[in-house]
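If you read the protein sequences in the order shown, they are chains A and B. Taking the numbering used here, the leading residue of the first sequence gets 1, the next gets one more, and so forth. Taking the numbering used here, the leading residue of the second sequence gets 1, the next gets one more, and so forth.
Worth flagging that the hints you see were computed from the coordinates, not collected in a lab. All figures in this text were calculated on a predicted structure; none of them were measured in a lab. One or more hints might be untrue.
[Said to hold, decoys possible] On the chain B side, residues computed to face chain A include the following (Cβ under 10 Å):
no.	residue
1	P61
2	G92
3	P93
4	S119
5	R122
6	G168
7	Y184
8	G187
9	T191
10	L194
11	R199
12	P231
13	G233
14	A240
[Claimed, not checked] Calculated lysine to any residue pairs in the SDA-like style (CA-CA distance at most 25 Å, straight line):
no.	chain 1	residue 1	chain 2	residue 2
15	B	K221	A	D197
16	A	K241	B	M70
17	B	K235	B	M70
18	A	K54	A	D74
19	B	K235	A	S246
20	A	K221	B	K235
[Claimed, not checked] Covered stretches of chain A, as calculated for chain B (at least 3 residues, CB under 8 Å):
no.	segment
21	78-89
22	177-191
23	210-216
24	228-236
From the three backbone atoms N, C-alpha and C, an ideal C-beta is built for every residue, glycine too.
There are 2 protein chains.
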Amino acid sequence: MSNAQMARSLFRLLKGCKNLASTPSEYPQPSACLPFTSSIVRTMVGLPFSFSFKPRDFSLPNSSWSAEMMRLYDYYNSLCEVETETGEKQRGPWRRLPSYNRTLKYATGGAYLSKLIQSKNRLFTRSIKTTGAAFEYVVFLNKEEQRTVCIFQAGYLLEGPPGHVHGGAIATMIDAVTGTHAAYDSGPLMTANLNIDYRSPITLGSTVLIESSLDKREGRKTFISCKVTSPDGSKLHTEAKVLFLSINVSHLLGM
Amino acid sequence: MSNAQMARSLFRLLKGCKNLASTPSEYPQPSACLPFTSSIVRTMVGLPFSFSFKPRDFSLPNSSWSAEMMRLYDYYNSLCEVETETGEKQRGPWRRLPSYNRTLKYATGGAYLSKLIQSKNRLFTRSIKTTGAAFEYVVFLNKEEQRTVCIFQAGYLLEGPPGHVHGGAIATMIDAVTGTHAAYDSGPLMTANLNIDYRSPITLGSTVLIESSLDKREGRKTFISCKVTSPDGSKLHTEAKVLFLSINVSHLLGM
Numbered sequence: 001m002s003n004a005q006m007a008r009s010l011f012r013l014l015k016g017c018k019n020l021a022s023t024p025s026e027y028p029q030p031s032a033c034l035p036f037t038s039s040i041v042r043t044m045v046g047l048p049f050s051f052s053f054k055p056r057d058f059s060l061p062n063s064s065w066s067a068e069m070m071r072l073y074d075y076y077n078s079l080c081e082v083e084t085e086t087g088e089k090q091r092g093p094w095r096r097l098p099s100y101n102r103t104l105k106y107a108t109g110g111a112y113l114s115k116l117i118q119s120k121n122r123l124f125t126r127s128i129k130t131t132g133a134a135f136e137y138v139v140f141l142n143k144e145e146q147r148t149v150c151i152f153q154a155g156y157l158l159e160g161p162p163g164h165v166h167g168g169a170i171a172t173m174i175d176a177v178t179g180t181h182a183a184y185d186s187g188p189l190m191t192a193n194l195n196i197d198y199r200s201p202i203t204l205g206s207t208v209l210i211e212s213s214l215d216k217r218e219g220r221k222t223f224i225s226c227k228v229t230s231p232d233g234s235k236l237h238t239e240a241k242v243l244f245l246s247i248n249v250s251h252l253l254g255m
Numbered sequence: 001m002s003n004a005q006m007a008r009s010l011f012r013l014l015k016g017c018k019n020l021a022s023t024p025s026e027y028p029q030p031s032a033c034l035p036f037t038s039s040i041v042r043t044m045v046g047l048p049f050s051f052s053f054k055p056r057d058f059s060l061p062n063s064s065w066s067a068e069m070m071r072l073y074d075y076y077n078s079l080c081e082v083e084t085e086t087g088e089k090q091r092g093p094w095r096r097l098p099s100y101n102r103t104l105k106y107a108t109g110g111a112y113l114s115k116l117i118q119s120k121n122r123l124f125t126r127s128i129k130t131t132g133a134a135f136e137y138v139v140f141l142n143k144e145e146q147r148t149v150c151i152f153q154a155g156y157l158l159e160g161p162p163g164h165v166h167g168g169a170i171a172t173m174i175d176a177v178t179g180t181h182a183a184y185d186s187g188p189l190m191t192a193n194l195n196i197d198y199r200s201p202i203t204l205g206s207t208v209l210i211e212s213s214l215d216k217r218e219g220r221k222t223f224i225s226c227k228v229t230s231p232d233g234s235k236l237h238t239e240a241k242v243l244f245l246s247i248n249v250s251h252l253l254g255m
């Protein structure tokens, strides 16, 4: 029985269970760590066997990625692991953030299982399966420098002005990248204000860099700056300031 | 030969033609009236026959629309036509705006045909074919009162926080609705600034109202306000101010 088959059997077994557990993703996705739904109830599900169900990690390269996208990916990926003087490999300053299309914890053995597993709901930026059609992106985090870099390739389903990316798709990526950054920095939060200046349009199919940096934290507030540029930084496409508010989800986690 | 067959024959006939024409949609879609691509060349295509090719109008009801969505649609639709004292029907204060998934002019006889017809590009808010999965919406315009109302039902592919609409999907709808409004008021333009305050999350699958109103015009600038509320207006979900800049596209139209 393959892992996938075991997972399917498990889901069938649990189909009648009302109180499947909700858990934040191990790697919180943009805003995905905000369980507003107060009715979500945590339940421990004891499994009679171990299983491993690996969801697709959308941050890994696929055949739709352009040479430019791959070049940038390889560059930042190479910074995720460095070699010491003695030839040993150790963690570098950057870290690639995995990205899934729903709030689902990779489970082994006794596990929390989200009732969202059975839901049709999908993360907006990862909801289209066809590779290259919509949002192709990968986010790298540099925790020490408090900044992220996202390599983003805009697909043909994101059109606004003819041949160019829709302003809403750019806003979506800015919210996603800054939200991921803020969540790694400050834990569960929600977007409170999104202020975007559009400077120059982005050609559909092109690759751009979305960079975010932490401005400051004040109590529950986290302020993040963001800019979208051409890969070499010579052309500024978009600038944004985003404010996030930390939220308390401990009651949802039974704490 | 059906209209669709005639259209297909025509496209095959024109397949080798490099300089197919570009034309703004008869009903400009959000930001879709901004042909940034300077290489687009206008060419008059003289057809040997008349044909009528009607693209799907996404603003019309489909089976995924909730009872709430239909109720609101019927209400605003009823305001698009009024009956005079003598029993005659005439245009009302509101107008339903058709909505397509690409920049394509409905052509009869000699016509402009966009090279975008052959493109895979699709308008971001209309790029998912499955009804009910993503953005279901219809925009009504009241030109005299300088305002629009959009009825929006958020599908399961727009998830951000578990069970709720992604901030980027809300930003997308705000850009789309205010962009449509501004374009009807001021002609071709581009979004320059989008400033959004998120007040309370929107449940996935629910229906909300997105209302925009013209604040002022100053030279090339058009200022639009927008709010997203529950259908009865009792709950404020989101507020926004959007600035648009008029652009000159006459050189693209050979004027």
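Violations among the numbered hints: Failing hints, ascending: 1, 2, 3, 7, 8, 12, 13, 16, 21, 23, 24.
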